[in-house]
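*Asks:* First to last, the sequence lines map onto chains A, B and C.
One point on numbering: in my numbering, the residue at position 58 of the first sequence is 58, and numbering is uninterrupted.
One point on numbering: in my numbering, the residue at position 53 of the second sequence is 53, and numbering is uninterrupted.
One point on numbering: in my numbering, the residue at position 288 of the third sequence is 288, and numbering is uninterrupted.
Just so you know, not all the hints are guaranteed correct.
[As the list claims (entries may be wrong)] Taking lysine to aspartate or glutamate and the EDC-like style, the derived pairs with C-alpha atoms no more than 16 Å apart in a straight line are:
no.: 1; chain 1: B; residue 1: K142; chain 2: B; residue 2: D126
no.: 2; chain 1: B; residue 1: K269; chain 2: C; residue 2: E537
no.: 3; chain 1: C; residue 1: K434; chain 2: B; residue 2: D76
no.: 4; chain 1: C; residue 1: K549; chain 2: C; residue 2: E537
no.: 5; chain 1: B; residue 1: K322; chain 2: B; residue 2: E283
no.: 6; chain 1: C; residue 1: K434; chain 2: B; residue 2: E78
no.: 7; chain 1: A; residue 1: K94; chain 2: A; residue 2: E178
no.: 8; chain 1: A; residue 1: K94; chain 2: A; residue 2: E172
no.: 9; chain 1: B; residue 1: K322; chain 2: B; residue 2: E289
no.: 10; chain 1: B; residue 1: K337; chain 2: B; residue 2: D275
no.: 11; chain 1: B; residue 1: K251; chain 2: B; residue 2: D194
no.: 12; chain 1: B; residue 1: K309; chain 2: B; residue 2: E294
no.: 13; chain 1: B; residue 1: K309; chain 2: C; residue 2: D110
no.: 14; chain 1: C; residue 1: K434; chain 2: B; residue 2: D79
no.: 15; chain 1: B; residue 1: K337; chain 2: B; residue 2: D273
no.: 16; chain 1: B; residue 1: K153; chain 2: B; residue 2: E90
no.: 17; chain 1: C; residue 1: K434; chain 2: B; residue 2: E294
[To be verified] If you want the footprint, here are the derived chain A segments under chain C, 3+ residues with CB under 8 Å:
no.: 18; region: 52 to 66
no.: 19; region: 99 to 109
no.: 20; region: 136 to 148
[Stated by the list, open to error] Computed list of chain A residues with no C-beta within reach of chain C, every gap over 10 Å:
no.: 21; residue: S22
no.: 22; residue: E38
no.: 23; residue: V69
no.: 24; residue: C77
no.: 25; residue: T85
no.: 26; residue: W88
no.: 27; residue: L116
no.: 28; residue: T118
no.: 29; residue: L158
no.: 30; residue: F159
no.: 31; residue: I162
no.: 32; residue: H168
no.: 33; residue: A171
no.: 34; residue: E178
no.: 35; residue: T197
no.: 36; residue: I200
Don't read these hints as lab results, they were simulated from the structure.
These numbers come from a predicted model, not from an experiment.
A virtual CB, placed ideally from N, CA and C, is assigned to each residue, including glycine.
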Amino acid sequence: MAAHAHAEHHEHHGPPAPHYSSRVPPGVLGMFLFIGTEIMLFGSFFTAYFFVRVVNGTPWPTPPFHLPVFVAFVNTCILVTSSFTMHWALQSIKRGNVWGLRAGLLLTFLMGLTFLVTQGREYSRVGFAPKDGGFATIFYCLTGLHGAHVFVGLSILLFMTIRAFRGHFSAEHHHGVEIGGIYWHFVDVMWIVVYLTVYIL
Amino acid sequence: MRRGSVAWLLVIGVVAGGIAAAVALALPWLPTPASREAGRIDFVIWFVIVICIVIFSIVAAALVYSIVAFRARPDDLEDGPPIHGHTGLEIVWTIIPTVLVTAIAIVSAIVLSRDDALGKNVLHVDVTAQQFAWSFTYPDAKGLTSGTLMLPKGRSVQLVLHSKDVIHSFWVPQFGQKEDTVPGLTTTLHITPDRLGTFPVICTELCGLGHSVMRTQAVVMTPAAFAKWLKQQTAAISSPNPSVSGAAVFKNNGCGACHTLTAAGTSGKVGPDLDKLPAYAAEAKQPLESFVQESIVSPNAYIQPGYPKGVMPQTFGSSLSKPQLDALVQYLVSSSKKG
Amino acid sequence: MTAVTADHQIAPPRRGNARRLLLGAGWIRAAWMFCLFGAFGFGLVVVFRWWGGWHPIIDMTVVTLVSLLVAAPIGFLAGIGAFDYWAYYALGFPTRPEDHSGHGARSWKDYFRVNTDHKVIGVQYVVTTFSFFIVGGMLALILRAELARPGMQFVDTQTFNGLFSVHAALMIFLFVVPGFAGLANFVVPLMLGAGDMAFPRLNALSFWLLPIAGIMMLSSFLVPGGAFACGWTGYVPLCSTHQPLGAIFFNQGVQWAGASSIMTALNFLVTIITMRAPGMTFWRMPLLVWANFTTSLLVVVATPFIAGSQFFSMFDHVMHTAFFDPNNGGYPLGYQHIFWFYSHPAVYIMMLPGFGIMSEVISVFSRKPIFGYRLMALSLMAIVVLGFSVWAHHMFVSGMASWLRVPMMITTLLIAVPTGIKVFSWLATLWEGKLHFRTPMLFALGFLSMFVIGGLSGVMLGSVPIDIHMSDTYFIVAHIHYVLFGGSVFTIFAGIYYWFPKMTGRMYNERLGKLHFWLTFVGFNLTFFPMHILGTEGMPRRVADYAPKFADLNMFISIASFGLGASTLVFLYNMITSWRSGEPAPSNPWRAMTLEWQVSSPPPIFNFDEIPQVVGSPYGYGTPGAQHAILAPARTGTPEEVRVT
Ligand code: HEA
Ligand code: HEA
Ligand code: CUA
Ligand SMILES: [Cu+2]
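One chain only, chain A, in its complex shape:
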């Protein structure tokens, strides 16, 4: 059967070299699209926020509850700074500076961790539970959703750091760092939105 011979012929060389029809590398494009869906996911949560707060006119924060705006602000600063260290890490490896990469990733990771822990402390002290009315629900679910994303971001950072210390990245090969970085920046920006809508407004 012709088909068979035709097929067998390929055993002797691998797949054809892929042809890329776009300047954007697949990984990066994929990450951006993924962030698109993430934004929509947050969008659905903000829709719930809209219905509870605007349509239902829930007082914000509903007395007697109040939010630790200042602590959260400090937290915000930490997270924003971590974005810069992330950027620094990427720049260094682009210049082939492995130690810059390692230090940058480590710092970013630690700051992210600090953020998450502070968030956890806030939960245990804020004095209301998710079931205590619309305000509490939205507060926990928006910050919680974001927290989950920080957790994912941290895991990615962890993997990056491990690989960085095992010396897998170089000036030529640092896609991992680049893509992970994009995600981390997204997590950051998203937090600013959450902070503004939930704490400030």
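Let chain A serve as the given structure and place chains B and C with the ligands on it in line with the hints.
*Replies:* Below, chains B and C with the ligands without anything else, positioned relative to chain A:
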């Protein structure tokens, strides 16, 4: 276009359209309207059906004709003509549908606004839905409550819809109008009954186990009869020392929708036949009175074999006052002993 | 069964000692990791609740959710080997260069392991989703049996509600949506002239999420209290606070299915954007590729919303949050807005890929270029854009802000225009063509007529006053099935018949195929057309019991539906026997121009010797010498030569 094809298209189109129209007209599609709104809605339906039939026959004609005329012999390996498109045509079949749907939109919008416009001297009725029963309250008549919806002919009625638990939906096919009852919101529905008769009230939003049995009746009566009915009912509740009559409680809480009780002249089949209560009580090995009491307050305590659990509303224990409940129980005991 | 891709020796032998059997990726590891992770989830719940001082410490609902519905499935995936490569990467091991051992299928066994070959995954998808179609159909038949006569005969109300809910959930989330993804998985890379999808491992993962979702939804029949019974729309507060445990099986099942379709969509988008063969401009892509491109856009943007809606509903159920609980500051209608913002686009997710298949089939079997190619592609885009602005047409009677109704009506009706463009262009493609009525073509024409009926009933519903009367009646049920069965399912059948030779390397039995079509076509109309009448006359949907006056029609429908069901047996018989022992298929039995037909059937393991050069339209029929692409001369050597090299 080959010669004659146009003629053929016309023929097939007319035939297809004819068949479709025949089907549409022959079938018992729509219930005979019993409200002005339903009348208008029927008009829109027919307006759109006509457009749809036209379009369907165009498609059918082109399809059938091509199937017949352009069928290729299996051994015919030739290709068709390399026609890649025709801007004129494409514009045509973009414009025409746009026009048609715009027409539909305009007609619908007009009818919608007419249907929602309240007439003068509006009768307000509070409709309360709960799993799985309807009750109707007449605020203008001292909060008189009834298990069946009584309406005067020719008067514009505004139903104010409430729900105690989940989302239900109020629908009377002959009235055409439909609206959900949403817990925490009050929604409204406007009806102008214009035909005497008794029509089914149907819950059309899935609301749980009893969804399919959440039915009662809407009765359209002459204004005179309606006034008379109101007077009687209000008299009952507004008398100085309201003697709570079990019969009234039974009637007003929609028991009859699900239960047969000769004394009350109801013939519901969803729940057990309440004429047979003594026998049931015996089966359950409980004294009749306490049995009835329990069955109403906590229906799931004892489930009558062969009947669904969790369908009988669980709320009567709280919604009925103590005297009402006692009266109801007494009423059931006595009338079931009789019947 | 013959394998999808011809034999090759690269993969290491998968026979091994006990240790490898236990620790090597596969079903055994999947089994114990499933249990392990389940236990871990359980422990997590206990520890946290004890630490947080919640009581009771062991709450069945929470435990079920965390341990059974979330942790355990992840364990299964890890065990079956979906994460192996990433785990290596994450832990900083040097990533092994792809040895292609994950590629191709030599025996039926290779379909039951994590496989990164898009052709294998495509077949895995199609077979899996089709089995869910059969299960969902069986449920529907039980449903019909119950509805044959008024009153309750076979099942109680809880089961009945469960039946149509699971029926719909399976049909939508596990048959139509992933079914299309499966066909596209097989075809799109070939059509693009690519060696595989952009992310083969992600592709494999997104397949393995499906069985999890499906089994989760089905198993809700087994949990105490019965299956989730709030319809596939899962309206709150019924589904959030008035339902047994089963409800969260739906909430969570949807999450898995949704995750799967998002991953596939991302994969398609990236593949289509970055991996087109040289010369394959967007305006040279086959319309099937266009269709999946637009569909993927819909998925990527819309699906997160159903994820959101199910999260909220589930949290209300499990954690007693207040999203939709009016007594606690929630807003019940919010659910419907969020849900339909996904689920209306979802109905186009369930139709656009079908449109793509239709364009291929119709143009090939009428031997003519697709009529108005560019407008066809643009109307797809138009449907995507409009599709996001019509969700509230499912809520005309929901009590939402009444000013929303007219704008939504207008956009809803406007969607008829781009859809109409497609319908008319297909008709124009048939016109003066040389029609060959092979089975795929029959289903294509069946689709054309049935979908127009379904679409027109949709337009009726689009008009607010009509919808106020028709909403939540059997008229809706009729609409659903005319668009979903007469539309989507017919196109899926067409697609399966059309690519069967390419997938299996064998021809299906034409006579059985035609028989299947006619049985289905007739049975379908007998089953679903009468539902229009039931609805307008006043029979609501989702009822286990109905007024006696509807008895005759319902009996008729039920009988017809069993005929319809039986027709599927013909299809199954045809597929199985042909796959086993059908006559070998030539590489291009339909004389089509798109790329997948220019390679052997089944395609070689890496699709192409060298990436082809695209030079023209994929629909150049009728133009002598027209070419879509130039392939590297296939050096088909005789077996001897091969042995020598
Ligand atoms: C494949 C899936 C699919 C598709 C393609 C469609 C297509 C359409 N649907 Fe449908 N729909 C569903 C699946 C689908 N639907 C489902 C599953 C539900 C029920 C959900 C539930 O369970 O509640 C539903 C419910 C539903 C409703 C809500 C009913 C209710 O619950 O009250 C409405 C109301 O507007 C509607 C409208 C439409 C319209 C206008 C189209 C249009 O896209 C149709 C466009 C096509 C045509 C019009 C035909 C071809 C066009 C021409 C030949 C041109 C000329 C035509 C004219 C000028 C009119 N659909
Ligand atoms: C792609 C989508 C799809 C498909 C293909 C189907 C297929 C079928 N559907 Fe379904 N249906 C929906 C999507 C779909 N449905 C949706 C979205 C709803 C709304 C649910 C809700 O309200 O929430 C619905 C609701 C729905 C209802 C209304 C329930 C209610 O509101 O009370 C009914 C009732 O008749 C029904 C019937 C059927 C039947 C008879 C088939 C048949 O076509 C099935 C035929 C297929 C088979 C039978 C399987 C193959 C058979 C075999 C392998 C052989 C075995 C056969 C025999 C032994 C005879 N469906
Ligand atoms: Cu109440 Cu359905
Ligand atoms: Cu829709």
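*Asks:* Hint by hint, note whether the structure agrees.
*Replies:* Here is how each hint holds up against the structure:
1. B:K142 with B:D126: holds, 12 Å
2. B:K269 with C:E537: It is violated: about 22 Å lies between the C-alpha atoms, which goes past 16 Å.
3. C:K434 with B:D76: holds, 8 Å
4. C:K549 with C:E537: holds, 10 Å
5. B:K322 with B:E283: Cα-Cα ~27 Å, so violated.
6. C:K434 with B:E78: Holds, because 8 Å separates the two Cα atoms, which is no more than 16 Å.
7. A:K94 with A:E178: Given pair A:K94, A:E178 holds - Cα atoms ~10 Å apart, limit 16 Å.
8. A:K94 with A:E172: holds, 7 Å
9. B:K322 with B:E289: Holds. B:K322 to B:E289 sits at ~15 Å (cutoff 16 Å).
10. B:K337 with B:D275: At roughly 7 Å apart (the allowed maximum being 16 Å), B:D275 and B:K337 satisfy the hint.
11. B:K251 with B:D194: violated, 25 Å
12. B:K309 with B:E294: This hinted pair holds, its Cα atoms lying about 15 Å apart.
13. B:K309 with C:D110: This hinted pair is violated, its Cα atoms lying about 49 Å apart.
14. C:K434 with B:D79: Since the Cα atoms of C:K434 and B:D79 sit roughly 6 Å apart, the hinted pair holds (cutoff 16 Å).
15. B:K337 with B:D273: holds, 13 Å
16. B:K153 with B:E90: Status violated; Cα separation ~52 Å.
17. C:K434 with B:E294: violated, 76 Å
18. 52 to 66: holds (count 5)
19. 99 to 109: Since three or more residues must qualify, the claim that chain C covers the region 99 to 109 of chain A is violated, with 0 doing so at under 8 Å.
20. 136 to 148: n = 4 at 8 Å, threshold three: holds.
21. S22: At roughly 4 Å from the nearest Cβ of chain C, A:S22 sits no farther out than 10 Å, so the non-interface label is violated.
22. E38: Given a closest Cβ separation of 8 Å, the condition is violated.
23. V69: holds, 22 Å
24. C77: Holds: least Cβ distance 29 Å, greater than 10 Å.
25. T85: holds, 21 Å
26. W88: holds, 22 Å
27. L116: Check passes; 16 Å lies beyond 10 Å.
28. T118: For A:T118, whose nearest Cβ neighbour in chain C is about 18 Å away, the distance exceeds 10 Å, so it holds.
29. L158: Per Cβ check, A:L158 is inside 10 Å of chain C; nearest 8 Å; violated.
30. F159: Given that some Cβ of chain C is not farther than 10 Å from that of A:F159, nearest at about 4 Å, it is violated.
31. I162: Violated: least Cβ distance 4 Å, not greater than 10 Å.
32. H168: Answer for A:H168: violated, closest chain C Cβ roughly 7 Å.
33. A171: holds, 19 Å
34. E178: Given a closest Cβ separation of 15 Å, the condition holds.
35. T197: Given that every Cβ of chain C is farther than 10 Å from that of A:T197, nearest at about 16 Å, it holds.
36. I200: holds, 21 Å
Figure legend: structure checked against the earlier numbered hints; hints not met, in rising order: 2, 5, 11, 13, 16, 17, 19, 21, 22, 29, 30, 31 and 32.
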